[in-house]
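Asker: Residues per chain are reported as follows:
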Amino acid sequence: MRQRTRLFSFLVICLITFTTLAHGQSIFKVPLSPRIANYQISVVLDPSQKTLGGKETLIWRNSSPDRITELQFHLYLNAFKNSRSTFMKESGGTNRGIHMDAAGWGWTDVTSIATVDGEDLLRNSEFIHPDDDNGEDQTVLRIPLTKPLLPGQTIQLMIGFKAKLPRVFARTGYFQNFFMVGQWFPKIGVYEAAGQRYATKGQWNCHQFHANTEFYADYGVYDVDMTVPKEYVLGATGILVSSKDNGDGTKTVTHHAEDIHDFAWTASPNYVEFTQQWRDVTIRVLMQPQRVHQAERYFASAKTALEYFDKHVGKYPYPNLTIVDPAYGASGAGGMEYPTLITAGSLWGAGTWVRFAETVVIHEFGHQYWYGLVGNNEFEEAFLDEGFNQYTETRIVDENYGAKNSMLNLPGLTLGDLESSRMSYTAMPNPKIAPTATFGWLFKQGGYGALTYQKTALFMTTFDRLVGRAVMDTIMKTYFERWKFKHPCWRDFLAVVNEIVPKYHGNKFGKDLNWYFDQVMSGTETCDYELTSIENSEVKFPQGMFDHDGKKILFDSKTDSTKSLKLFDSKVVASRLGEVKLPTSILVHFDNGQEVREPWDGQSRWIEFKYRRPEKISWAKVDPDTIMVIDMNLNNNSKTTEPARTPFWKYTVKFLFWLQNLLQIGAIAG
Amino acid sequence: MNILQAFSAGFRRALSEWKMIMILYVTNLLIAVPLALAFRSSLESGFGQSMTSPNLMQGLDLSLMQDFLNLHRDGIGSIIGQIFWVLLAYMLINTLLAGGILTVVRDKKAKFVASSFWGGCGTYFLRFLRLFLIFGMLLVVLLSILGGVLGGIVTSISDNASSELTEYWVRIAYLVILLLPAMIIIMIADYAKIIVVTHDERSMLKTAWRSTKLVFRYFFRTVGLEVLMVLVPIVLFVIYLWLDLSIGMTSGMTILVMFILQQLFIVSKAWTKVFFFAGELSLYHSLQPFGEQTAVPASGIPNAQTTAI
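Protein chains in written order, with this note's numbering: chain H, 1 to 670; chain L, 671 to 979.
Isolated chain L (complex conformation) (with noise of 0.2 Å):
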């Protein structure tokens, strides 16, 4: 199966698993709504009865703005400060949720059975989220070595740059060389828990190094899929902007356009979650070696209308 292929198949199978990508929309939403109406009880305390709120209608007023912040700003700080927590939490809820989008998305010709992907949800969790924790130092650390060698030249080259166009160009080509290695260790991972969904692994630290090697052994085609699939959601998100710029929030009616279109904005990110790891996993079985058999999940999942390969 070559790239295309794979692109192909992820991409057929995450638009017919609606099921489950809307639970982990409804699972976002949920996370973040609660914040949000903390933002807007904010706001609203802060602006009171004022003439001025209607002056953001247009665009974001700095001036007015500045004159709420000044004095509410513990409550929009405390807020901020509590988005670590948010995110951090959110980040675990994604790690078991992983589970039961690989059980779902693992055979081929299995649907969404909702005993089916809580199971899996529960039964990969632990093990995901030592790879979460393998992984996550892997990228800490790499990134801050890296980040330290390649901060030191950019800024040697940009202390001496004659032309601000040089320092464009350094730091675009900067976060490139960040991202990349960035990008490689987390699909590095999605293949780790493919590895442990297939064939039931249970050393995480094994598993890593498993995936580690297949990646680099078929660089080429795992890299190429991910850069191939990584321009959906950048598409995607270019039609946002423009749809953004174009409707804007001037009135209630464009405020709740833009809010719809916004919500389905993030539905399609839950589809990209979904849509990568079945491209991976379509990928990934085409390269394993021929009549290898993935192993039988562990007893306590139904799987149903599963094909045994």
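For reference, chain H alone in the conformation it holds in the complex (with noise of 0.2 Å):
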């Protein structure tokens, strides 16, 4: 049977990569995935219907060694079909801050699905709901097969497809005359095995799409033939094979990609198109006509991100990175990732004061790494791409732009990307609402953004500056290079932690770091410490008349040699507020400039510190090294004898003057 599948696999891969030479385009010699789900698509853009017409052959592989009795496929537009579907119910609407428009529907139809042999597969297809009871939804399709699909067996299916795509609002669609075409093809789901991520038995990981959910699947080739009209300027996933001028109006462009798990194309003919390069990576900017001297700056940060990931992660394989900068009224497409190509935006005048497009393109490209070569089930652990991504992109932005100004740079104003994510997540009404390894649409009262992205890159950063940089950055590297192409879930990544961290730090940590993510990621608690107390009081020496070896001693100020000598009793007292327990140390610094740094496990409720000097204690500070940014309040982690006043008087003044100017305004009409 292990023959049979062995050659069966061969087989698969000879007819993948035969498919692949009749194209003419091989970017891998060798295949870098398993390539489970390969496509060959032609699809046609309409661009006055906003329809897409599409012919789809799909090659999927069992490689798991179970008999497979159905298929399951996403069909992602029908989200926007109606006001019915899971989609709409769970997000009233709006996503990321953009609401649907009322005539923007919609959908994907499936024409047809058969064998290679002509058996028709569609006839008995049943749209199902696996995640909740809503039997409108319509973005799963269960195909039975009338033939089991043996382990290692491989299925070809000739699929038709009609699409219409929405106005854009949540990632795909259009707007007048750009599309971005994401999640458009019916896309089949991932079949895990026994034993893979969290599966305790065969069955399909092929979620409903949800308003708080993106997406999840098998690796392969694609070979996508695209026509559209022949002014339309393109971008796809892959790389460029051909593009044919049809002699009616339109061309015919043909992408090939290997490896990838995603396809995603765009179109426009307001596109000015700029390229570089950066090592053997072509980048291609596509920009909005208004915005062509910001492209610049898409091209400096996504240079800035390849250097830091090549660097500090692992190597980009892919020879090409497209971004794109959406239309104004398309900004919710922008802001997205797939294979190789990412989407960004920008808005005309915002100046390198505001770094949102690089901000965006960073992140973006960071998802080629979180998501795209790491293929993490962005439905049930959204963090381990999003959070993840959000801590690199704290890391890069911060450390090439500015801690303190890589976001804001205003005079008086500022902002850095650390802060901005720590802001978003202390500001939370309830940071308690739900951990964060929660499956995304069962954040059912709120909270998935700032839990899966900030929390995330708050504990991650922390957690870098426990362990430090360099076991942080191994850490990285390793779970990069042994879960790149597959489908890590989040134990993978506690495993290389737990593998790594000891080589390092011995027992420093405990025998396993389980206990730090048990807090901070499978936990609701909040992490607060506070530097309580100061105290200083001078020691007074005894006075009066003492017995001493049978005789009275009278001590008086007279008599006390050590009058001259002062000596103070300090205690500096240290309070754990919140519940997530942290090792930490407490700087005290004395009226002399000495300083003593004291350990403490943070695990008790307080913990005190006494001192008998000469000096007094000036102030002192619980985690000095800020090492926990994610501690809810940073305000209290330090008290001093003698706090500043100044500050207070300037924000006085301030809010004085523009009272009074307020006041002013207001009295015009008096």
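Hints are computed from structural coordinates only; laboratory data are not their basis.
Accuracy of the hints is not assured; some may be wrong.
[What the hints assert, rightly or not] Footprint (simulated), chain H over chain L, 3 or more residues, beta carbon under 8 Å: (1) 821 to 831; (2) 877 to 887.
[Stated by the list, open to error] Sample of chain L residues with no beta-carbon within 12 Å of chain H, all distances over it, derived: (3) 672; (4) 783; (5) 894.
C-beta: ideal position from N, C-alpha, C; glycine also.
Given two chains presented individually in distinct reference frames, assemble the corresponding complex, making use of the accompanying hints.
Answerer: This is the structure we're talking about:
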């Protein structure tokens, strides 16, 4: 059986390779991924009707040891079909702050599914809703097989489909003559065998499209022919193979991509195209005409990200990267990732005083690694890509543009990326609303964004500072190299952590780091350490008559030989106000400039340190190196016996001035 | 008299009325200070003895302020909430003071006399309050209708704009179109007050109508003068902003310097109030038919050194 499976796999790879070579283009000499789901798609865009007409050939291999009796497909565009879809019910028609246009519905109709022998599989198909009880949701299509697919066997399907693109509000769709075509074709789900990720038995992992979920698919080879009006500039995943003028006002552009799990494309007659090179990666930027002056910022930030990931994580394997600047009315298409193609976004007039363009490019490029190359399940563990990526984004952006002003740099008003992440988390009305490790659609009471993105970035940064940058980089590199082109789960990352950290730190953090992640990732509690109090009191030496060795001795100010030496009893108290327990230290500074650093395991509710010295304590800080960026309140981490008052006067004076102005403006009518 | 002459007359007259300007300034200061001190108290109790407060000297540290607000939002919110009532009270006080200002500047050669000023405040307060209500309601209704209609148009254009530049221009135009009628209504209200003080009018509806007719009859002169006068506080604000950016508030000394500059700016705004009334009054006098006499003010308001026209 195993030999037969190997033979089948070999034949499939040969088939794919032959098909690839028949197209005349092969990117990688040796496949980088298992190439389970391989597509050849021909699609025609009708820009006036905003429709796609497509024919798809899917070659899918059963890589599990199970007999597969059905296939499950994602039809993501049906999320925008009507108000009864799960996506629309959960989102209320708003996604990432953008509201859906009342006339902008979209859908996918599968018109035919047949095997290569001509067997019609569509007639017994049905829509299923594995996540909720919404029988009207049509984003998952189940196709029963008349003949089970054995382990290692391959099935080739010919699929006909029509799609209507929605007016863009949630990543994909059109706006006037701008088209961002994502999640547009019938896409097979992932079959997880027992033991893969959390599967205890072989099963399809094919979730409905929810307001708070993204995507999950297997790697493969894509050959896509896209027919668009010939004046349109087209950008797509993969590399350009050919562009043919059809002589009827249209052109057909063919792209080929290997070892990816998604394919997206964009077309518009308005794009202005630029190209630059970074080592062996061709970067292509498609800009809106009113923002062409910002193209260089896109290139610079993409190269910064490429450089960073190459140095700290691993090599970017693809030969190209396309960056799309969406049309103004299509901002819902911005800030999105697809293999080798990302969408960013900016505004005319937004100078480098607000690095929105750079931050988005760096973030979306990061997704080439977290989600693209390391293919986590975005439905169930979005934090593995969004959160990890937010962590790497904050590192890159702050290190390259300044920790205090990387995102906003105005006179008197600045903001760094990590600061921004912290603010998003600490400002949550209820940061305990759910654990970060929650399936995306189960954030029913909110919190998805801040907990998945920002809290993850904060606990990863805190962890980075706990174990040290060198160790953190080793962890991320190992995780990347071990799990690229695969589907890891959280357990797999934790295994890497528990393997690497003891090599560098021995038992310093215990036998494993589960205690840390159980609190910050699986738990909902918050972290808050406080420097509670500082006390200094002069030591009063004894006065009066004392019995000593049968004699009476008088102590008074005249006989006190230590009068010239003042001593102080000092005490510093630190407290743990939150429920998260982390090891930390307290730095105590005396008024002669000397300092003492006291370690604290952070377990108890409070700890005190006492001293008797000629010096008084002038200030003290808990977590003096700001390792715990996940701390909810940094203002209470320190205390000084001589607090500065001037800053309060500054803002009082400002408040007074603007209040006076407001009064005068309001009294204009008086 | 053309608008430049009216502008110049108002400018010079306002410069000479320092006592009155100081009354306006001190009133403004006394009303704002208690809230500012409450704000300071809230900041100090929130940050306490923390060592993070010096971080606020170089600029507004948003992260630290967020931590502060997370715990003290209610306190700051309460202070902000009081601003509405303070604003309302200040508008009433300004209505009161307007009577005094116009009583003093009504006569070209009169000098400031405290009793005259306060007498004018009292004499015209109720009438000015009625004018405030009339024109206030008119402003609200007009802005609501205009805002609603224009807002729909702006939304429709914005939703279909292929470039953000379109939206920028549309929004700027929207603002200008809203501000222009608002400015005209406020100006009409000013002329209504002038008519009340000059002719001792008792019917505010009649006065409102009369001032409206006056403004539209001499539209370009009245609006022209207004636009010219509005440029002055705008220029002063630009100068202030430039000084603020240049000096900053990063040390005790610079905070003190900026405080002084800020208060000088507020004084200049008080001066502007007098300047507007004086300029409008000059233009009004010049627009009256030749030989028309202004009514003698009601007795009980001594106008030292006034000259009967």
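Asker: Run every hint past the structure and note whether it holds.
Answerer: Here's how the hints hold up against the structure:
1. 821 to 831: This one holds; 3 residues, not fewer than the three required, reach chain H with a Cβ under 8 Å.
2. 877 to 887: violated (count 0)
3. 672: About 25 Å separates residue 672 of chain L from the closest Cβ of chain H, which puts it past 12 Å; holds.
4. 783: holds (23 Å)
5. 894: Given a closest Cβ separation of 19 Å, the condition holds.
Hint 2 alone, counting from the list given before, is not met by this structure.
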